[in-house]
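2 protein chains.
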Amino acid sequence: MSLKEEMKEKASQSKVAAVKMKNLSTAKKNRILETIATALEKKEEEIIKVNKKDLDLAKEKKISSAFIERMTLSKERIKSMVKGLRTVASLPDPVGGVMEEIIRYNGLRIKKVRVPLGVICIIYESRPNVTCDAAALCLKAGNAVLLRGGSQAFNSNLLLAKIMIEAALSEGMPQGGIQFIETTDREAIKELIRLDRFIDVIIPRGGEEMISNIKANATVPVISHGKGLCHTYVDKEANIEQASEICFNAKVQRPGVCNAMETLLVHKDIATDFLPQMVKRFEKEGVEVRGCIETQKLIPSIKIATDQDWETEYLSLILSIKIVDSLDTAIEHINQYGSFHSEAIISENKDRAEQFLSRVDAASVFWNASTRFSDGGEFGLGAEIGISTQKLHARGPMGLQELTSYKFIIYGNGQIKK
Amino acid sequence: MSLKEEMKEKASQSKVAAVKMKNLSTAKKNRILETIATALEKKEEEIIKVNKKDLDLAKEKKISSAFIERMTLSKERIKSMVKGLRTVASLPDPVGGVMEEIIRYNGLRIKKVRVPLGVICIIYESRPNVTCDAAALCLKAGNAVLLRGGSQAFNSNLLLAKIMIEAALSEGMPQGGIQFIETTDREAIKELIRLDRFIDVIIPRGGEEMISNIKANATVPVISHGKGLCHTYVDKEANIEQASEICFNAKVQRPGVCNAMETLLVHKDIATDFLPQMVKRFEKEGVEVRGCIETQKLIPSIKIATDQDWETEYLSLILSIKIVDSLDTAIEHINQYGSFHSEAIISENKDRAEQFLSRVDAASVFWNASTRFSDGGEFGLGAEIGISTQKLHARGPMGLQELTSYKFIIYGNGQIKK
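Residue numbers (our numbering), protein chains in the order written: chain C, 9 to 426; chain B, 9 to 426.
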């Protein structure tokens with residue numbers, strides 16, 4: 009069978025499975041999740057052993073240490089995956105919920121009911137935990153899922169998928185409800201993203217290049233989990249102590265994630281009081297600070313930031329700083345360079361804050377809080393499959409509800425159109 | 009300026025306008041809609057004159073009469089467009105609505121607020137009324153809109169757009185809020201659908217080929233208004249008289265539209281009692297009936313339906329009939345050949361109806377009612393921009409709400425992530 013035929017076959021199996029997945033009861037789905045959790049707990053040692061094989065190969069290939077860190081499965085990480093499965097089991101089932109119900113002039117009763125999306129294909133890169141998280145969320149929302157993990161963690165992903173699928177089938181999951189693409193050939197992605205007859209949505213998680221490639225070539229609708237180039241704007245009416253705490257947290261607490269701060273914007277009227285101390289605090293923590301000319305005038309020791317810096321998601325302990333002469337300039341800068349992810353204003357002035365919150369174009373806008381809270385767990389969704397940086401279907405953290413669609417059910421008693 | 013640059017410029021102007029459009033007050037938007045309505049009323053004669061030019065050209069080119077019918081603007085049709093504008097003005101404004109609001113464990117208050125999508129590009133074919141309907145809906149939902157009408161009705165669309173834009177600007181619409189693509193060059197579409205930096209969604213309305221071309225090449229997310237291959241299934245426990253009324257209505261009342269019936273499925277146990285009379289009634293109305301072998305055994309005068317028939321959206325007075333041996337077979341047939349649009353079951357048996365409603369994969373599923381009700385107006389949306397046959401973002405009739413996205417606004421008082 010050619011790769012093309014193989015992908016078509018897999019996707020068509022998912023489509024068949026989706027019809028059965030959508031009718032699984034909540035209790036059944038939860039039992040499947042629990043059975044998977046137990047199976048993973050039992051196979052902990054084997055998982056770590058196989059993961060080590062991937063890690064050794066990656067080290068041989070001189071893969072970056074950040075990447076290797078992300079693909080590592082420790083006892084703790086497996087525990088956290090297992091805990092995630094149980095969390096998803098504890099969340100309310102979105103399927104079947106009545107979103108709206110009306111009775112029309114002619115007696116037709118129209119119900120808008122939540123249904124699964126159908127077949128979801130997740131294409132991801134380094135983190136093997138996505139194999140579990142994504143499968144669990146898709147299953148709980150009544151979908152069939154096709155998993156396509158990156159080549160570096162292939163053996164780890166394959167094993168995790170095998171354990172999950174075996175456990176789920178033993179508990180009565182329909183055949184094909186969870187499937188893993190057992191090839192690292194990149195051509196497989198090209199095939200999958202054009203199978204719109206079978207797949208309802210593609211969720212790519214990974215680097216910008218991968219995502220834009222998929223967007224450019226897919227015929228299946230895509231929900232993209234794009235980059236996070238997040239700003240914090242310290243307004244002239246900010247509480248300086250609060251601003252310092254929030255900015256420090258947004259940059260330093262976990263710099264490698266998408267909701268960390270990359271660029272700090274500071275109003276010129278507060279720059280002298282705020283910035284020198286702030287930069288000192290950052291530098292003490294090992295942050296490399298780059299700034300605009302005005303910032304450098306204030307703190308001559310720092311590097312000059314170039315246009316390139318305003319466009320860069322560092323994902324590390326580097327920060328660019330720009331002094332702006334007004335709230336408008338701050339908003340313009342964010343709308344020009346931001347990635348529509350998470351943006352914050354620190355200000356004691358309600359009017360200025362409201363302007364920022366309304367005019368900044370991003371999935372999540374914060375007033376006097378750290379952008380690090382931009383996360384499904386923190387937003388009360390229980391778990392997340394990603395953070396959407398587009399506006400269609402889902403925006404911001406995506407949980408179970410975002411893995412569903414709806415359907416109109418119309419009850420009549422012989423109505424005909426006049 | 010090259011076509012590519014021109015499209016980029018237009019789209020970037022829309023993007024700039026979108027920032028202002030989203031802040032227009034409801035009252036202002038309604039005044040703009042009323043001003044447009046009045047302007048169109050005043051220019052009625054000129055519109056009909058220019059439309060006649062398009063019609064004459066189309067006739068010269070031997071365009072099909074169905075197409076010419078759709079592109080014709082009569083006094084009545086202009087009245088109906090104007091009425092549509094006023095209806096949209098009367099509908100509630102979706103922008104700013106709070107969809108959810110929670111306070112988290114750490115005191116963060118999170119509001120999920122409805123916001124416009126941003127820039128919407130509508131690509132349509134024959135009907136000039138789309139120029140008005142689409143612009144009105146996009147404007148009311150706070151979006152900037154880029155209109156790209158088909159070449160046959162170019163002069164009509166251009167005039168309508170000019171009247172609308174002039175009137176809207178005079179009432180204070182931000183420059184670029186409504187734009188019309190003033191070229192019939194098809195290359196323009198290829199450029200537009202890849203401008204994802206500026207355009208938030210493409211809504212194509214037209215033939216299957218155009219839509220699949222756009223889906224295959226767009227980097228901008230697409231909401232497709234696909235074809236409607238709608239079925240009605242007459243169950244063995246149907247009320248025969250009711251079934252006859254509904255089937256007749258679904259096929260005959262307006263055969264050229266997407267929610268009309270194309271294939272009739274009949275349970276074998278009721279076929280002898282139901283079909284001969286039903287077919288007689290259809291044939292009396294000029295419907296050409298094609299059927300499966302079983303149907304032909306019952307009514308030898310009809311043509312045999314081929315596989316091709318099950319896949320065809322006739323949009324005319326042709327009907328294919330298939331006798332099925334069970335509810336399951338009916339559901340399978342629909343899920344194989346349907347277009348996920350609108351499907352109906354006629355049955356007095358609640359359990360069998362519920363099975364159909366749950367297992368058939370379509371945006372709208374009807375029990376004992378005509379599929380012809382699948383329509384934004386009939387569903388209480390007031391107006392519609394199309395009917396989505398995909399599951400992402402919007403499914404079924406799309407109104408104002410479906411032209412919006414949302415944004416999370418988070419109010420804190422110094423919260424940092426632990």
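Calculated from the structure, these hints are not laboratory results.
There could be a bad hint or two in this list.
All copies of an identical chain are treated as equivalent in the list; a pair is satisfied when it fits inside any one copy or across any two copies.
No more than 30 Å apart at the CA atoms, straight line, and that leaves these computed lysine-lysine pairs for DSBU-like [as the list claims (entries may be wrong)]:
{"no.": "1", "residue 1": "276", "residue 2": "311"}
{"no.": "2", "residue 1": "311", "residue 2": "16"}
{"no.": "3", "residue 1": "12", "residue 2": "198"}
{"no.": "4", "residue 1": "426", "residue 2": "36"}
{"no.": "5", "residue 1": "425", "residue 2": "87"}
{"no.": "6", "residue 1": "16", "residue 2": "426"}
{"no.": "7", "residue 1": "120", "residue 2": "67"}
{"no.": "8", "residue 1": "244", "residue 2": "36"}
{"no.": "9", "residue 1": "119", "residue 2": "91"}
{"no.": "10", "residue 1": "358", "residue 2": "83"}
{"no.": "11", "residue 1": "28", "residue 2": "61"}
{"no.": "12", "residue 1": "198", "residue 2": "16"}
{"no.": "13", "residue 1": "198", "residue 2": "235"}
{"no.": "14", "residue 1": "358", "residue 2": "120"}
{"no.": "15", "residue 1": "305", "residue 2": "288"}
Only a predicted model underlies this, so the values are computations on that prediction, with no experimental measurement involved.
Hint by hint, here is what the structure shows:
In the homo-oligomer, the alpha carbons of residue 276 and residue 311 lie at most 30 Å apart inside one protomer (19 Å), although the nearest pairing across protomers, at 81 Å, exceeds that limit. In the homo-oligomer, the alpha carbons of residue 311 and residue 16 never lie at most 30 Å apart, since the shortest distance is 53 Å inside one protomer and 35 Å across protomers. Proximity of residue 12 to residue 198 under the C-alpha cut-off of 30 Å is found in both arrangements, the shortest distances being 9 Å within a copy and 27 Å between copies. Taking identical chains as interchangeable, the C-alpha atoms of residue 426 and residue 36 are never at most 30 Å apart, the minima being 45 Å within one chain and 36 Å between chains.
Proximity of residue 425 to residue 87 under the C-alpha cut-off of 30 Å is restricted to the inter-copy arrangement: shortest distance 22 Å between copies versus 58 Å within a copy. Within a single copy, residue 16 and residue 426 get their C-alpha atoms no closer than 44 Å, and across copies no closer than 45 Å, so neither meets the 30 Å cut-off. With identical chains, the CA atoms of residue 120 and residue 67 are never at most 30 Å apart, being 52 Å at best within one copy and 44 Å at best between copies. Neither within a single protomer nor between protomers do residue 244 and residue 36 lie at most 30 Å apart by alpha-carbon distance, with minima of 55 Å and 33 Å respectively.
Taking the shortest Cα distances, residue 119 and residue 91 sit within 30 Å of each other only across copies (28 Å), while inside one copy they are farther apart (36 Å). In this homomeric assembly, residue 358 and residue 83 never come within 30 Å of each other (Cα to Cα): the closest approach is 47 Å inside a single copy and 52 Å across copies. For the homomeric pair residue 28 and residue 61, neither the shortest alpha-carbon distance inside one copy (36 Å) nor that between copies (55 Å) is at most 30 Å. Proximity of residue 198 and residue 16 under a CA criterion of 30 Å is satisfied in both settings, with 12 Å inside one chain copy and 28 Å between copies.
When the C-alpha separation of residue 198 and residue 235 is checked against a cutoff of 30 Å, the pair qualifies both within a copy, at 22 Å, and between copies, at 26 Å. For the homomeric pair residue 358 and residue 120, the shortest alpha-carbon distance between copies (19 Å) is at most 30 Å, but the shortest distance inside one copy (38 Å) is not. In the homo-oligomer, the alpha carbons of residue 305 and residue 288 lie at most 30 Å apart inside one protomer (15 Å), although the nearest pairing across protomers, at 90 Å, exceeds that limit.
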